[in-house]
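Student: So you can see what is in the structure, the chains are spelled out below.
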Amino acid sequence: MLRQDFNRIDPKRRNVVDHRKKQFADPAYKQTDYPHRLNFYAVPPTADITLEQFEQWAIDRLRVLAELEACSFRNKTLAETAAHMKPLLEKYLPLDSNSSSSSKLSAERQKDHYSHFILRLAFASTEDLRRRFTRVETMLFRLRLNDDTTLAKERNAFVQSLNLEWDPVSDEERREYASELAALSGFRKGVQEEENWFKVDWERVPDLVEGRRVFLRAGKAYVPSRESTSMVIAEFTKRLERSLELTARALPRLDEDDRLTPILDHLSKNFITPDASYSSSTSSVPGADISAKNVDALSSSFPLCMQHLHRSLRRDAHLKHFGRLQYTLFLKGIGLNLEECLIFWRTSFHKITDDTFNKEYRYNVRHSYGDVGGDSNRRGGGYSPFSCQKILTEHPPGPGEAHGCPYRHFNLENLTALLQQVGIQDRSVLQGVKEDKEAQKFHMACNRVFEHVHKNEIKRAKDDGILTSAQLETIVHPNEYFKRSYLLKNLGKGGQDVKMEEA
Amino acid sequence: MADESIQNGDSQASNGDITMAEPEPLPSASNGTDVEEKKEVKLEDLFADVDSDDEEFPSSRPQETQPSSSPTAAPGSPLETGGISLKASDPEILRSFYQRLFPWRHLFQWLNHSPTPTNDFAHREFALTLQNDVWRRYMSYPTSDLMRKEMLNLLPSRIEIGPVYTTNPRDRKTVRNASAFRPVAKELCFDIDLTDYDEIRTCCDKANICQKCWRFMVMAVKVVDAALREDFGFKHILWVYSGRRGIHAWVCDKKVRTMDDQKRRAVANYLEVIKGGSQGGKKVNLRRPLHPHISRSLDILAPYFQTDVLATQDPWSTPDRAAHLLTLLPDRPLTTALQNKWDASPGRSSAAKWADIDAVAKSGASKSLDARQLLEAKQDVVLEYTYPRLDIEVSKKLNHLLKSPFVIHPGTGRVCVPVDPRRLDDFDPLAVPTVQELLAQIDEWKDEEGGDESPVKEEGDAEIKKEDGVKRSNIQDWEKTSLKPYVEYFRSFVLALMKDERDARVKREREEADGMDF
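As you go down the protein sequences, you meet chains A and B in turn. Going by the working numbering, the first residue of the first sequence is number 1, and it counts up by one from there. Going by the working numbering, the first residue of the second sequence is number 504, and it counts up by one from there.
Keep in mind that the hints were calculated from the coordinates and are not lab data. Glycine included, C-beta positions come from ideal geometry on N, C-alpha and C. Errors might be hidden in some of the hints.
[Said to hold, decoys possible] Pairs of lysine to aspartate or glutamate, EDC-like flavour, derived with a Cα cap of 16 Å:
1. B:K899 to B:D701
2. A:K320 to B:E775
3. B:K758 to A:D201
4. A:K199 to A:E173
5. B:K778 to A:D316
6. B:K785 to A:E413
7. A:K238 to B:D763
8. B:K899 to A:E413
9. B:K758 to A:E394
10. B:K709 to A:E203
11. B:K900 to A:E210
12. B:K870 to B:D894
13. B:K899 to A:E80
14. B:K738 to B:E1004
15. B:K715 to B:E896
16. B:K899 to A:D316
17. B:K715 to B:E733
18. B:K899 to A:E360
19. B:K725 to B:E775
20. A:K359 to B:D929
21. B:K881 to B:D861
22. A:K238 to B:E775
23. B:K778 to A:E360
24. A:K320 to B:D696
25. A:K320 to B:D834
26. A:K320 to A:E360
27. B:K900 to A:E394
28. A:K220 to B:E733
29. A:K441 to A:E210
30. A:K320 to B:E896
31. B:K757 to A:E394
32. B:K725 to B:D861
[Said to hold, decoys possible] Residues on chain A that point at chain B, a partial pick, calculated with CB under 7 Å:
33. L164
34. R212
35. Y383
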């Protein structure tokens, strides 16, 4: 049986007018009606809106999305994000359920629909923007889907309307795999009897497979109905990714329209967060002696993750791949140039021969700096230094590896031991770190340590009014940590004050 | 039909190559097209001999293929002579190996999924490490003959296999935009390496292995193989010994090869249980009740834990290793009681210590002890000491390179042979033949049979005759050696894979044809 191609526009909405009468017929466009609160954005809008609406709706949605992204950078949990976003959503992008007696249902949904498609145009151009757009749109969708829980009926109707082709699991199979299925639904005792199971190809629910949240047999995933949310979300992401790529391909045709292009350009430029735009030019510290032999001295200004890498490197005279990568990019970010960086690694790996170093490690360092590799790598100057977000979420360290975020990837005893080794003895700080770790607020822990280590300097800087408000924000990048730390420590040393303000 | 034509192609090529090596090529064996190449290779051979400049076995190549009239004197493989063994990466050794033993055609069929050359093979990236340690990426070959020919020229010490690309990797610079050149398919690979077991093995460390710690690989293969087959329904899983201390898996099912990175990551993380770096503390943190995959793995692993870990490895013999065990257990009073007990009697074996946990718990040393919590902690300990430690990055990316089967490990000289997971317990990594042994075996074999059979056979010919059961004398070189069972296993694996691919194709074609009728 052929699977229906979801991307195709509903055949009824295509131009079905007899081609002989075509030139005289009205276009078959129509005002979309919105039976559900949520939308999979499968069908692009076709009605007319004003240019002002076009811009205003897009900006409103952008505000919401930018805030959502900020929430994820601060590692807020889903519940916290929901609470944080509620007033914003109500202001900029309200969306009421069918049961509410709001008279603006249709208008609200239209705005949601149109603004989504406008931003699609704005964010389809580059791979990076597409990825970020998909991520935040998915977050928004997830938020709204979960928000709907009070109205399970409405949500189910929406899910039904998607035609997702889920096979129900027969009673026979449920008996055959009773113990396995029970093991999966065991989190909530007593529920399993009434729980429904779906059976789909495992490829359709990779995130559930990844988390071992489904039972697998012979390539089929048995999904409990409560996990259907994540299946719906996965489907949403998948379709959005695909349609964004289609949008990107259609974009060139938009060039002819000189009304929309400037607006769209403007929109996509506003969607840049401190994380994404971290470049070496903004992170380097003027006047500092950043050289291979000075790294030891500088390392006292490094965040804990980099200090740990540095200590491991000094202890073992070696780091594994991701450790090298994370550390190299950080060093690049603080302004160590390629030659110095190669010297640094060569001298640090003092147990190996020149030959081994040149053969196995040199290339990777050069690659990180964009000195070798494909065109795009060279043009982009290599990779950008890892942000906290990336360190926290990607590539958790495995056996024998020292990269990652100590606040997240260490257990409490080892974390405390490490903190004490780098000179943090204050019990209240250690206690605070412990609480942050338990609440999974790793940024907070890191910033807490930063504030403790630099408390005198910060006080002085505040008294002198040197610090701008931007410099008091939460640190979400290891290089930002270094920069602030270095500048604070060298406050008094002539000429720096001015630069502080510039920075 | 197509099959035969390829065999012909193969045999022609081997014909050509073989005649090149013979000191006095038979005119009948050469045809016009071969002459030039013949000269070329001969020249090279000469140079190679000059290079090796070893007085003891001058011009070893030509002699090697000569019908050996004086069995004792003819140094068939260079290593035999005078007890001097050459390194496995020696060009002469490699040349003999690639020429006489490497199963090029099976490798081709394995990656090509069909007897007739397709883009599956032609667009496949190979990465070669050459003699001077130069690393060449993006090599590709249209057929197995051409690949073999170039390998005989370059004599790479290592061949790695990458993904299939949208276009021929050699043409990657000529495509107009970068996105037109991207990887589209590759087997799903797993890499398990004994160095990752250094924290828990006591017999060896680093690159060394022995029979004792190889048992960890046995456990790993059983668990991963079971999960891939039963849970994901994958059928064509090739396990390959990496030549020294690890093992690779290649999942070759058609559906798997085209999986994107997200799905690869999903499979990899589904299998990953041991998490956290050296500072992470407890490495196994699982939700309860255990996922069916974990409980099945635990069932598989429990017997190994008793014999191969507790008895053989004795992982908690020293006080600091025992202290690590205690950090994994809950309930402070229990652990202090255990600590006291073990301090009192040093030298207690790990099996005894493991039994002590329950004994002390039963004796009521701790009031607050939760029996289920203890059981779960013990399960976690079993997993930490037995569950496969995958090098997960290899599996997550479509475009990761992995060493090809049947390549020689330059350090040990062992051939990276496929391992049959059904007969895993019989596999001994230390008994895997080295290339030097294999070359010696060819010569010995000749000696036994007397000098009557001609030195080299055409691949295709030999097979046909063997299948007919007519003549045994037409035997390929690998059949004379202990490489034989490995090549045969590989062949059966490839044949099964090709059969499935063909069936799928036939079915699709039939469906399409049906569609046409309506």
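Student: Which hint numbers does the structure go against, in order from smallest to largest?
Tutor: 1, 2, 5, 8, 9, 10, 12, 13, 15, 16, 17, 18, 20, 22, 23, 25, 29, 31, 32, 33 and 35
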